[in-house]
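Using the sequences and the hints, build the whole thing.
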Amino acid sequence: MKWFLRLPLLVRIPLLAATMIFLIAMLVTQIAVFSLSRQYELLTERVGQVYLDGLSAAVLQPYLANDPEGIRSALQQSLNFYLGIVDRQLALIDQDAGIIAHVSGPNLETPTPPPDTVFQGSKGYAYEPESRSIWVWRELGEKGIISANLDISSFAQERSLLRFRLVLIVALMSMAAAVGGYIVIRRLQRPLKTLSEHLSHAVSFGPQRIDESQMPSEDRQTYSLMQAYNRMTEAVQERERLSEQLAKQDQQALLGRIAATLAHEIRNPLTGMMTALQTIRMYGDNASSRREALDFIDRGIQSLQGVAQATLNAYRPSAPGPDLKSRDLHDVILLVEPHAARKGVGVVHHISLPEPVRLDAFKIRQIALNLLLNAIQTSAEGKTVTLHASNDGNSFTLKVSDEGTGLPRHIESFLLADDTAYSDRSLGLEIVRRLAGELNGRIAVHNQAGSGSVIALTFTMPEDASR
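Counting in the working numbering, the sequence shown runs from 2 upward without gaps.
Calculated from the structure, these hints are not laboratory results.
Careful: at least some of the hints might be erroneous.
Simulated restraints, written as ranges between beta carbons of each label pair [to be verified]:
id	residue 1	residue 2	range
1	Asp324	Thr385	27 to 37 angstroms
2	Leu243	Pro355	53 to 63 angstroms
3	Ala177	Ile100	54 to 64 angstroms
4	Ser244	Leu335	40 to 50 angstroms
5	Arg166	Arg210	50 to 60 angstroms
6	Ile267	Asp212	51 to 61 angstroms
7	Arg240	Ser218	27 to 37 angstroms
8	Arg292	Val446	35 to 45 angstroms
9	Leu295	Arg268	17 to 27 angstroms
10	Arg292	Ser396	27 to 37 angstroms
11	Arg240	Glu382	21 to 31 angstroms
Pairs of lysine-lysine, DSSO-like flavour, derived with a Cα cap of 27 angstroms [stated by the list, open to error]:
id	residue 1	residue 2
12	Lys384	Lys344
13	Lys326	Lys400
14	Lys400	Lys384
15	Lys124	Lys144
16	Lys344	Lys400
Glycine included, each C-beta is placed from N, C-alpha and C at the ideal position.
See below:
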């Protein structure tokens, strides 16, 4: 059965239909042959009864006169005259006395006793397969039974030959009908075969339209089905074209966003480096001031490299930056102080990092820088922005608080990882959330409308130094 299931569906269906046609035709033939045999037996029994009618008229008088010799003589005389029906043996039976007379013809050497069914019914027949003969009997008078054993071998032979011919002819016709049915069904399935081939092609190479010449216009239902497939194919191809266009647009938007992020992040270190250069111009003769300004410029250049790597890390893995030190956060304070001074906002810091922290310094600097710039931007003149940084050995905490009007709810929701809540987000907050996620940090927002807000980030120390 497994081999049949491995055949294509378009072959299995017509093959199964052809097999059913053949089997049903053969079953109907067997039923017809059985009915024909039954009718043949009944007809033979009726012929036998007609034969017994004539025989009864010949032996009735001797039987009523209780003349055994007359009975035997009448039976023997009947055996000598036959036409069409060959009687092998005749018997007259009395229900009280038993067999009164029993004679056999020249084609039978020794008479055989009648079957037991002769003694059990007043009328009937019984077939003997061995001798290919039939026993028939009927009543004679009140207690007598006249029976005859008729040779039906020629009839049986004709019946067997007829059955063989009938089965052979029906088998040939059934096979022809099965083959014809297979061909017709395959022809009817031709449109489905075309559709199946296109579906298989669509799985491997994408959908393609069905040519109009392959669509049966006379079969409206199949024609409509193929038209529906063509419409689906056009829709899929159009969707693929739109997807390609959207992918290109997304790529262009990503490149633009990366460019904007780099410009946004590089601008702030450059401002601090320009301040350091002004310090060198003004106090270049002072070795201590010059050295401090040059160190700041060096760290600023490293920060610019880290900003570029951290920004590109959104789509290209990059090596981690150096461990975070207290000096990195002090540099951030130096970067934002000119901007805060222009707005009249004070900047206070509480940095408690006696030892380096095993976190990416470039990314922490970016987070702190963006949070401080946003806090300064939302603070009014005369207010204060505070940076807290501490490390307890297991986790590093960075807090930025301000005295502004408080974070709007949609910005707070965005920082807590709800993308649908913030549609006008700035690049700074987006970078904060992305970098915090890359460092497995947790963001908490404490917001009081009208009295400022606190944004706290907690980072668990990585187990290995490679982060």
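Each hint, compared with the structure:
no., hint, verdict
1, Asp324 to Thr385: 27 to 37 angstroms, "holds, 30 angstroms"
2, Leu243 to Pro355: 53 to 63 angstroms, "holds, 58 angstroms"
3, Ala177 to Ile100: 54 to 64 angstroms, "holds, 56 angstroms"
4, Ser244 to Leu335: 40 to 50 angstroms, "holds, 48 angstroms"
5, Arg166 to Arg210: 50 to 60 angstroms, "holds, 56 angstroms"
6, Ile267 to Asp212: 51 to 61 angstroms, "holds, 58 angstroms"
7, Arg240 to Ser218: 27 to 37 angstroms, "holds, 29 angstroms"
8, Arg292 to Val446: 35 to 45 angstroms, "holds, 41 angstroms"
9, Leu295 to Arg268: 17 to 27 angstroms, "holds, 21 angstroms"
10, Arg292 to Ser396: 27 to 37 angstroms, "holds, 35 angstroms"
11, Arg240 to Glu382: 21 to 31 angstroms, "violated, 55 angstroms"
12, Lys384 to Lys344, "holds, 10 angstroms"
13, Lys326 to Lys400, "holds, 16 angstroms"
14, Lys400 to Lys384, "holds, 17 angstroms"
15, Lys124 to Lys144, "holds, 13 angstroms"
16, Lys344 to Lys400, "holds, 21 angstroms"
Going down the numbered hints, you'll see the structure goes against just number 11.
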